[in-house]
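Participant: Between the sequences and the hints, there should be enough to build the whole structure, so can you do that?
One letter stands for each residue in the lines below.
4 protein chains.
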Amino acid sequence: MIKVGIIGASGYAGIELYRLLLGHDEVEVVAVSSQSYIGQSISDLYPAFYGYDDRFFESDDAVLHKAEMIFASLPAGISEKYAKFCDEHGKKFIDLGADFRLDNEADYKEWYGKDYSEKELHKKQVYGLSEVNRDKIKNATIIGNPGCYPTSITLGLYPLLSEHFNLNNDIVIDSKSGTTGAGKTLTEDSHFPRCNESFHPYKIGNHRHTPEIEQELSKMANEDIHVTFVPHLLPINRGIVSTMYVKLKEDVTFDDVMSAYHKYYDDEYFIRVLNGKVADLKFVKYSNYCDISLHYEPRYHQVIVVSAIDNMVKGAAGQAIQNMNIMYGLEETKGIKMAAPSF
Amino acid sequence: MIKVGIIGASGYAGIELYRLLLGHDEVEVVAVSSQSYIGQSISDLYPAFYGYDDRFFESDDAVLHKAEMIFASLPAGISEKYAKFCDEHGKKFIDLGADFRLDNEADYKEWYGKDYSEKELHKKQVYGLSEVNRDKIKNATIIGNPGCYPTSITLGLYPLLSEHFNLNNDIVIDSKSGTTGAGKTLTEDSHFPRCNESFHPYKIGNHRHTPEIEQELSKMANEDIHVTFVPHLLPINRGIVSTMYVKLKEDVTFDDVMSAYHKYYDDEYFIRVLNGKVADLKFVKYSNYCDISLHYEPRYHQVIVVSAIDNMVKGAAGQAIQNMNIMYGLEETKGIKMAAPSF
Amino acid sequence: MIKVGIIGASGYAGIELYRLLLGHDEVEVVAVSSQSYIGQSISDLYPAFYGYDDRFFESDDAVLHKAEMIFASLPAGISEKYAKFCDEHGKKFIDLGADFRLDNEADYKEWYGKDYSEKELHKKQVYGLSEVNRDKIKNATIIGNPGCYPTSITLGLYPLLSEHFNLNNDIVIDSKSGTTGAGKTLTEDSHFPRCNESFHPYKIGNHRHTPEIEQELSKMANEDIHVTFVPHLLPINRGIVSTMYVKLKEDVTFDDVMSAYHKYYDDEYFIRVLNGKVADLKFVKYSNYCDISLHYEPRYHQVIVVSAIDNMVKGAAGQAIQNMNIMYGLEETKGIKMAAPSF
Amino acid sequence: MIKVGIIGASGYAGIELYRLLLGHDEVEVVAVSSQSYIGQSISDLYPAFYGYDDRFFESDDAVLHKAEMIFASLPAGISEKYAKFCDEHGKKFIDLGADFRLDNEADYKEWYGKDYSEKELHKKQVYGLSEVNRDKIKNATIIGNPGCYPTSITLGLYPLLSEHFNLNNDIVIDSKSGTTGAGKTLTEDSHFPRCNESFHPYKIGNHRHTPEIEQELSKMANEDIHVTFVPHLLPINRGIVSTMYVKLKEDVTFDDVMSAYHKYYDDEYFIRVLNGKVADLKFVKYSNYCDISLHYEPRYHQVIVVSAIDNMVKGAAGQAIQNMNIMYGLEETKGIKMAAPSF
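In order, the protein sequence lines correspond to chains X, W, F and V.
Quick note on numbering that gives the first Met the number 0: the first sequence kicks off at 0 and runs consecutively.
Quick note on numbering that gives the first Met the number 0: the second sequence kicks off at 0 and runs consecutively.
Quick note on numbering that gives the first Met the number 0: the third sequence kicks off at 0 and runs consecutively.
Quick note on numbering that gives the first Met the number 0: the fourth sequence kicks off at 0 and runs consecutively.
Careful: at least some of the hints might be erroneous.
[What the hints assert, rightly or not] With a cut-off of at most 30 Å between alpha-carbon atoms, the simulated DSSO-like pairs for lysine-lysine come out as follows: (1) W:K202 x F:K248; (2) X:K2 x W:K333; (3) X:K336 x W:K65; (4) F:K183 x V:K276; (5) V:K65 x F:K336; (6) V:K246 x X:K202; (7) F:K333 x V:K333; (8) W:K202 x F:K246; (9) V:K246 x X:K246; (10) V:K202 x W:K183; (11) F:K118 x F:K135.
[As the list claims (entries may be wrong)] Restraint-style ranges between C-beta atoms, simulated for each label pair: (12) W:P74 x V:I77: 36 to 42 Å; (13) V:I77 x W:H64: 50 to 56 Å; (14) F:M257 x W:K113: 30 to 36 Å; (15) X:G182 x W:F55: 41 to 47 Å; (16) V:D24 x X:P74: 39 to 45 Å.
[Claimed, not checked] Partial pick of chain V residues on the chain F-facing surface, computed with a CB cut under 7 Å: (17) P46; (18) Y51; (19) F55; (20) K137; (21) N236; (22) Y263; (23) S341; (24) F342.
Derived by calculation from the structure, the hints in this document are not laboratory data.
Ideal Cβ positions, reconstructed from N, Cα and C, are used throughout, including at glycine.
Facilitator: Here it is as structure tokens:
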């Protein structure tokens, strides 16, 4: 049994991770922490756990010392010191926040307003997009777990960009996310009477996930890829649908595209390339699947890629567990093999 | 591995049962049937199962012959012949419909408009309220799995009525259910623009679950119990909250009531008597829990019992599996030990 | 044109009042105030008003001086000084808060934790339940506009209690309200991922509207009426459904009850006693109607009264305007004659 | 008073038109029809109208004969005969369906599968995009009222295309609509448990509104404009948000774009070009506004136009009334001057 712990377990990603880890039969959750709720029981915050597997939030230090595999779900700028501790003590570290996702400190500084405090450490970081970086993840000790939007987008475009099928490097990405993406903090936008029966884009052209998306797409394409990325807020709890518009090179056919997606993904358990159906939140919610459907607009020789994920599972806690499974050589689907309830 | 099958697997209760049974590690689902969709794949109807554990809907006969443990989720009047077949062939039968719930054929005739076709068979039926009838369920071969409203109500009142704490036998029950309770059939009431942002009671005083509720409450109380039962339709997918108003006998204190609930339920895994919190759908959804909170109105010496369940799990598929576990001597929580996701 | 003003216009009731008053062709809104947003434009908070009838929030004093008819929508304890000013300057005052609803200062003290600062003033207050107190409202200068739950309940029970049809004075009231009832303040309970797809009762037996409900029902019945009142939070924006359970005296028939409701309400424009339909939020939302349906449970000789209102209109701003219309001798439906959009 | 009638008043657009027309003080609704519900009262279908302005659905003929201004909201292929009757009898006709929107019969045949039966009549049709075609509408007798998606899109792009600011003629349009867009007919997609908490695109590249969108955009641009149009289904009742991506010619600045929108729209009552806010369904619902916000992506010299309308008002019934007002020389805002309720 792997001794795992969660730092920042009181937030949405942290508690989802806790819920999923409890169903994983090769791990033991040895400690969870929350700076705000230290000493309180989990069920005080989330009564769903009352009588199930309730316990107290401990200190971050307790997690660091008791666990060998540490997950952290924290605001930007806090994870580095914990990662350093893990690095020095031979523990593995998966960061669900943004501190280990960006390769260039300048990007981090620009979008998160901070410097890296442990610059050397970042050389060890691996971007935890499980299906794409599996080999690197195997031997990694520090994982930057991908953001929710980036997961939906990079998985959606990976075969297309890797095969250099795109005509030019400008891609339109219109994403829609449920409200859990904004987390537990009370905000005007998530006040029920404000959010319910409403819909709107937000942070047009300046969402913090933009550099992460472009960094990973550029690596896939081996060239600089810039995207127009517009996120929208869906008045539902969970899930991200990204609708992506890409022009194809003249000599590439839609069949080529379909074949590429099947080649890259047919062996991937958690990625389903749909035939004849449209990707839909309904069928991925509460699961670790990423559903992808491909559509063709002949007049512009354009592909429309639709991807659907659960932002809290494949977009956060589920992929973190998938990465842990890879790091420990476990069956990759352990603890996260679930079909979405259809209602 | 127990060979299980589901007749009527294309409906909401049937497919939920299928989803849950796939996560039960001591059963093998050998066949599922649907008269309407025979030959079609499950994922045609419910794409959530695409690539997960997809298969074809077979005939009812196929299920009857391949499985040793048969679940049926069918409209009233169809189950009896299947139960008879099982009875004659030493198979176990759990009916999620209404055909084996009522003790008196007259009640069945009155509320469902049909006679029993296999009268003798009904002597063998056991009402599958797991926590209350566990001993009978152990040796049963034909289970009438409780309705969703009756489950939320009878579990909510069991200690109170068994201890004869109620002053008189009239109890007000105000229940609220999500829309999956009405199933897969398209209706005006479940048309999205009609149902969304709406709320209303329905079938006031004439809901088919009334005789079932009164039958079971009367057994618990050892006297005729009549209830005023008003169901309401919540514009959400899942869950039932029942708010129940019961006057106490003069010499019974609220402490007596609390003690009774703890005595009856503290050893029950799936029933949580809350202390200081109010029962809430949020914390039971997608789980097999029944949460109960007790509240006291001193001016009338009245107890208000609030119970919350997921209508599709504890109110249908989950309790059916719990009953199967009991019948086969398995750990009772097998396959249905899940905490609700908190969002 | 009546010069009206709103103190506390930035809250939900205040801004709804503003919206409705703009459609009233015999009033001119001369000023609106907000202590928190003074100097900001209405459209900063509520962009719906951008280019429509936008203006700045002024000081409370500005409203008091410019308007002859002052509406106030404020937290408990602030209205009295404004009412006093109006009283001294011959202006009319309608308080949408709780400061002028309770007849007994002791009740106010118990439930709101404050003393009355202007005790004499309270002798002039009239409870603004338009249909019931119309004659007193005509000549009133200070109106305590009813709370949302009390409106749905007192209108629902008025004929029944006035005719002394109820067997005893204990009545069960199970109410369900949309989230706007809790207002604009961010709370855990109104955080979208928490509230959405959830449902639960709250403040069981201790909601502040209880003394107001009992005070008014007692006046109608000419005897002390106590109620068991349990409010629930609906995951929708607007509306209150109250389901009320009342036992009838032996010699009273259900026909008597129906006749009484028709007698009391057939001439009331805003109260619809339904025949053969069930009261439903869908058909009162965004309107000033109170729909009432009556149902009979013969086994207990019990009437179930269902009432449905829009909590922000008939339960707040709409009824306030109705009261103003009565006070000024205008057509009572002026500015509030609207059918609910059916979707 | 203009004598107006509605053919096909039982559908969603028809009943919304009825609701709005009842608040218009220069018209009298003299008859409404429904082939399916002839002889039934409106309140049987839509209880919101009970006691408000209830009446019976009459025959289509009755409407044709009693009214001078006829609105029709019918499936494709039925309106022409009614339009012909109006044409022959000097009555005005506004078709909320698709029969008089397309200039080329070939397009109609391709997308709706039918020929025009009254070919000459179509020479008289005017596309009722009020702000754009106001002058033609003034003298028109047959109006093809725009579809909901086309309204949100053509108004959103009008200044940009008219000024020829777009670099090339391929535009990406990602639209999201509430469920009322699909109307009153029961479908799997609008079954509450299916639709609720779900989200997905549909009819990618083959939605019937595509030829209408391209026809009107091409007229504005004076060149063939083709669009990539992907509609999505929002799990809410009302509203359309269209997010549109357009590359600018090199010498056009974003300031030029902003100026153009202000020039074209600052005098338009129902079009609000937002400054510093993002267009949002919340602030247009139940109103006739079209809110537009403009955003700039410098890396691609690309404009992102976001438009938000209520699909049933500006996208159907409201614009129909606006067109009637124009045809009759009334104040254009008559009967449709409403601010959205903010919750």
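Participant: Evaluate each hint against the coordinates.
Facilitator: Going down the list of hints, with the structure as the test:
| no. | hint | in the structure |
| --- | --- | --- |
| 1 | W:K202 x F:K248 | 25 Å, holds |
| 2 | X:K2 x W:K333 | 24 Å, holds |
| 3 | X:K336 x W:K65 | 26 Å, holds |
| 4 | F:K183 x V:K276 | 20 Å, holds |
| 5 | V:K65 x F:K336 | 26 Å, holds |
| 6 | V:K246 x X:K202 | 19 Å, holds |
| 7 | F:K333 x V:K333 | 18 Å, holds |
| 8 | W:K202 x F:K246 | 19 Å, holds |
| 9 | V:K246 x X:K246 | 14 Å, holds |
| 10 | V:K202 x W:K183 | 23 Å, holds |
| 11 | F:K118 x F:K135 | 20 Å, holds |
| 12 | W:P74 x V:I77: 36 to 42 Å | 38 Å, holds |
| 13 | V:I77 x W:H64: 50 to 56 Å | 53 Å, holds |
| 14 | F:M257 x W:K113: 30 to 36 Å | 34 Å, holds |
| 15 | X:G182 x W:F55: 41 to 47 Å | 42 Å, holds |
| 16 | V:D24 x X:P74: 39 to 45 Å | 56 Å, violated |
| 17 | P46 | 4 Å, holds |
| 18 | Y51 | 4 Å, holds |
| 19 | F55 | 17 Å, violated |
| 20 | K137 | 24 Å, violated |
| 21 | N236 | 5 Å, holds |
| 22 | Y263 | 15 Å, violated |
| 23 | S341 | 5 Å, holds |
| 24 | F342 | 5 Å, holds |
Of the numbered hints stated above, those contradicted by the structure are hints 16, 19, 20, 22, listed in ascending order.
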